[in-house]
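Sequences and hints are given; from them, build the entire structure.
Line by line, the protein sequences give chains A and B. According to my numbering, the first sequence is numbered sequentially starting from 367. According to my numbering, the second sequence is numbered sequentially starting from 45.
Derived by calculation from the structure, the hints in this document are not laboratory data. Since the model is a prediction, treat every value here as computed from it, not as a measurement. Don't take each hint at face value.
[Stated by the list, open to error] Okay, derived cross-link-like pairs now, DSSO-like style, lysine-lysine, Cα gap no bigger than 27 Å in a straight line:
hint : chain 1 : residue 1 : chain 2 : residue 2
1    : B       : 446       : A       : 865
2    : A       : 743       : A       : 535
3    : A       : 761       : B       : 471
Now for the letters of each chain:
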Amino acid sequence: MYKLARKSVVIFALGQLDRMGGVQRSYQSLTDYLIKLGWQVDLFGFAKTLDNSPNPSDLACPLSEDVNVKIIPSNLDEKLSTQLREEVSKISPDVILVVNSSSRAVFFSDVAKRLEIPLVYSMRGSTEYCLRYLWPCRSVFELPFKVADAVHLLMPSYQDILDPEERVKVTTIPSQIEPATVYASPDQPNADGRYKVIYSGRLSFEKQLHFLIQAFAKLAEEFPDWDLQIIGNGPLEEQLKKQAQESRFADRIEWLSVDNTESMYELYPKAHLKVLPSEYEGCPMALREAMAHGLPVIAYDTCSGSNEIIEHDVDGLLAFAKEPVSGLANAMRDLMADSQKRFNLGQKGIEKAACYLPEPINQEWEALLLSAIEKKKTKPESNPSIDMESRILEKLAKDGTYASAMHFKKEEVLYQKYRKEFLTIYGRRLFNDRYYLETYMDVKISGHDPLLHYLSEGWRLGCNPSPEFDTNAYQEIYMSGGNSDICPLYHFYTKGAFKGCFPVEVGDGYFEKWPGRKHREIYSIINDLDGFIYEKL
Amino acid sequence: MNIFIFCGPMAFGKGGMEKVAASLANYLSKKHVVTLGYFVREIGDRPAYTLVKTVSLAPWFKKLKDSRLDYSKRIVESSADIFIYFGASSQALQVISLLEGFYIPIMMHEGSNPDRVINDSWSNIRGVSRSQAAWEREALYSQASLIRFTMPEYVESLPLDIQKYAVAFHNAFEIPTKYSNVKENKCIINIGGLKKNKNIIPLLNACRDIFRKFPDWKLHIFSAVNNSTAGKEYVEKIARMVSDKGISSNVFLNSEVDDLEPEYLASGIHVITSLSEGLSNAVAESMTYGVPTIGVSNVPGVDGLVLNNRNGILIDREDIENNLYDALDKLMSSSCLREDFGIKAREDAHIFEPISIYRKWEDALKICIENHWKRNSEVHRHYSRVLIDLYRNSVVGFQKGKECRDIQKDFLIIRENRCDDSFFVDKESDLKRDRWSSV
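Here it is in structure tokens:
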């Protein structure tokens with residue numbers, strides 16, 4: 367009888383389960399809590415080094431023995447979808463929780479929808495960051511929000527980007543952090559008489575650690591008693607270490623790699639200031655853990671997550687992001703020079719961090735799961751709009767194109783006006799939808815067709831259609847300085863390409879940031895237009 | 045006009061020929077559509093000299109499979125009306141063979157002296173005899189509608205039938221607004237001396253003695269280094285020699301610098317001990333800054349610019365070290381003589397005036413295109429026939445008729461097949477399915 371009354375949840379988990387990270391730690395806290403309350407928990411996730419059904423204690427962030435863990439292949443195809451539907455049907459959960467910030471969420475949401483099981487969708491990051499970098503376009507981004515019965519976001523402002531009808535589904539719950547047991551003394555030097563600025567997190571591009579190294583180098587002479595400690599690893603490790611070597615203060619920059627919370631919690635009390643120079647954050651644990659230890663914190667004023675957690679000049683400082691190096695250095699100077707202020711902000715941080723303790727947060731989580739179950743029960747049988755979204759979801763999941771497919775509403779009047787230009791350029795290498803939408807975020811948020819935007823107004827605003835075509839430079843070189851009313855890319859494909867004009871690269875560092883997106887072949891007009899001849903012939 | 049300039053080593057360092065090619069590309073791009081081609085070792089390598097934005101870059105990444113085919117496309121895409129080749133070696137075969145059967149005027153610029161090209165950069169590299177190398181060079185150059193040399197005497201290296209299509213004029217060098225105070229300066233400058241072919245050792249031997257007499261003088265060598273093991277070992281050898289001779293406090297080995305102007309302005313004497321040059325940039329630049337040069341007589345590209353006892357001193361290569369000592373002694377002992385030679389050097393440097401040199405380039409372009417229609421002698425026809433075999437034997441991947449000539453035909457088809465409405469309608473149906481679909 368007990369079994370029948372027991373609630374059951376299937377979690378499709380984001381992140382590699384054989385690696386330590388914030389999201390993995392949150393699974394640990396939530397599943398422990400749910401198991402204690404008698405839930406059945408089945409967790410499907412990815413891991414390169416674990417077998418299909420690992421012991422939950424073998425995960426990098428171990429789970430309770432009562433959690434059923436299944437490792438799934440990273441290639442999300444129709445076969446896997448069928449297999450997952452069969453497995454989940456057998457479990458027959460009351461609710462499915464899809465934790466995924468990227469367009470892979472489409473695949474897992476589709477599994478839930480096709481089984482008609484209540485779905486909670488959890489996006490684990492700033493919605494703007496996710497839309498910019500992890501989703502091909504607005505309409506695909508919206509799909510899981512539309513089909514979910516309940517939505518979880520980490521911070522209140524993250525729902526601003528959503529349509530009003532989706533916002534009502536949203537519950538905001540921050541992630542949990544463990545309480546501190548030993549506190550820092552940010553106003554007092556360590557036993558060796560020295561002070562520490564600390565960073566912990568991944569060494570990846572969105573963390574913008576190069577700004578912290580530059581800012582520290584700027585202050586190092588002024589503050590000879592201070593060192594910088596960088597804890598973490600990631601793809602930019604070598605590059606950042608080289609940058610540190612080239613500064614004059616390499617001997618005052620310490621590099622550490624720590625892979626568990628306990629060790630990290632031993633380092634916070636020895637630090638005096640925490641800096642998180644990220645471009646975007648979700649609900650940064652590293653920041654709140656530092657606050658929990660009584661450390662003053664600094665982040666950029668434009669950094670999502672951080673700028674909602676930190677109350678400027680009360681429990682931390684928000685640095686001026688428009689001038690990333692001097693802005694950060696000014697904020698750091700402010701605290702490095704004032705021990706009392708460091709102490710005061712740190713004390714306030716301890717109060718703030720108390721809001722993120724696991725117990726109340728896990729309670730909110732359970733309530734969210736239950737609300738989705740209830741909502742599904744009371745939902746009308748058929749909703750034409752949701753049915754349409756579910757069918758698109760199914761199509762995308764089935765075709766396997768969910769990661770790259772772009773869907774736009776056809777703006778008929780505008781399209782008819784630019785039809786010839788649109789059809790001439792569409793499909794050619796020098797208009798790169800992904801680049802355009804990532805670079806011009808307002809266009810991505812609007813959901814408009816990027817090519818139509820470029821043709822109707824983008825080129826006049828100096829927008830570049832691809833990292834390989836600099837609109838202004840092309841006009842300047844080949845169109846008598848740019849007074850023409852012809853779109854430069856259209857000019858190129860219809861005239862310039864046949865007259866010796868050649869696209870000029872933008873030089874905005876796009877391929878340095880995304881080396882994997884670099885074309886294997888050097889640009890060739892003939893190759894670009896080759897499809898054109900064969901289509902014609 | 046669309047102009048394709050190819051200078052192979054453009055991305056490998058700041059050589060003299062590369063500087064001339066870059067300056068010419070920058071200049072011509074003011075009036076023409078200019079594409080600059082060069083070899084790269086890695087994708088993303090760029091020319092060592094700064095190019096204006098109006099010059100379109102065309103790197104040739106030879107390591108890539110089918111790179112000849114890709115590069116032929118790039119040449120065709122440039123819609124070039126003329127192809128200017130900058131080179132000084134048998135590598136010209138690799139590049140010019142792309143244009144086989146592709147009816148485009150070619151201008152060859154030989155960036156060194158013919159003797160060095162034939163011996164060091166053709167015969168030695170190809171492993172053929174000197175006479176075979178000379179013949180191959182003639183056959184290749186016969187394809188050019190104009191051959192441009194930097195010194196008049198270099199024209200004589202070609203047979204009479206081809207000489208008709210050769211011209212010689214100097215390279216352009218900016219005439220600076222400032223010039224060196226050679227009367228006061230106590231610094232000897234040498235450019236490129238850390239490369240073996242620049243023959244710096246006699247200068248170091250002369251310096252050992254001359255710095256005893258003039259201890260307040262210095263020698264500054266500014267030079268790129270050959271990146272090979274042998275190149276690095278040579279620099280180590282030079283550094284060791286400086287130390288062993290006890291002249292470390294007078295001799296400074298400096299790496300290549302972006303701007304040599306401050307160095308010329310700080311110099312009192314320029315010394316070039318190289319025994320082989322094309323047209324020495326260092327001599328020309330020293331002249332523009334009013335620095336007298338000591339060079340070796342009968343070295344092409346030096347002798348002729350340096351006029352003995354007018355703007356510098358030419359020494360005999362026999363007993364070069366003692367002659368160098370004497371020449372240095374003469375100039376270091378007399379600030380008035382340095383000043384006098386320096387003034388003459390500046391006067392003589394007007395032959396490098398960019399305006400007149402670039403006018404010569406413009407004229408050369410016109411002549412090259414005119415010659416293209418005239419050039420049809422039996423000699424040319426003969427060489428065209430035998431060249432096919434030479435390309436087949438010497439150019440890996442050469443495919444007659446499969447390079448620029450055939451690609452040009454494809455490109456013309458593309459040009460003809462402009463979009464029409466039926467094409468648009470087909471494409472629209474794809475769009476409705478892929479981009480605007482609801483289900």
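- Task: With a cut-off of 27 Å on the C-alpha distance, tell me whether residue 743(A) and residue 535(A) pass.
- Result: holds (15 Å)
- residue 761(A) and residue 471(B): Cα distance at most 27 Å? holds (22 Å)
- Item | Given hint residue 865(A) paired with residue 446(B) - CA-CA distance at most 27 Å | holds (22 Å)
Hint compliance for this structure: every hint is met.
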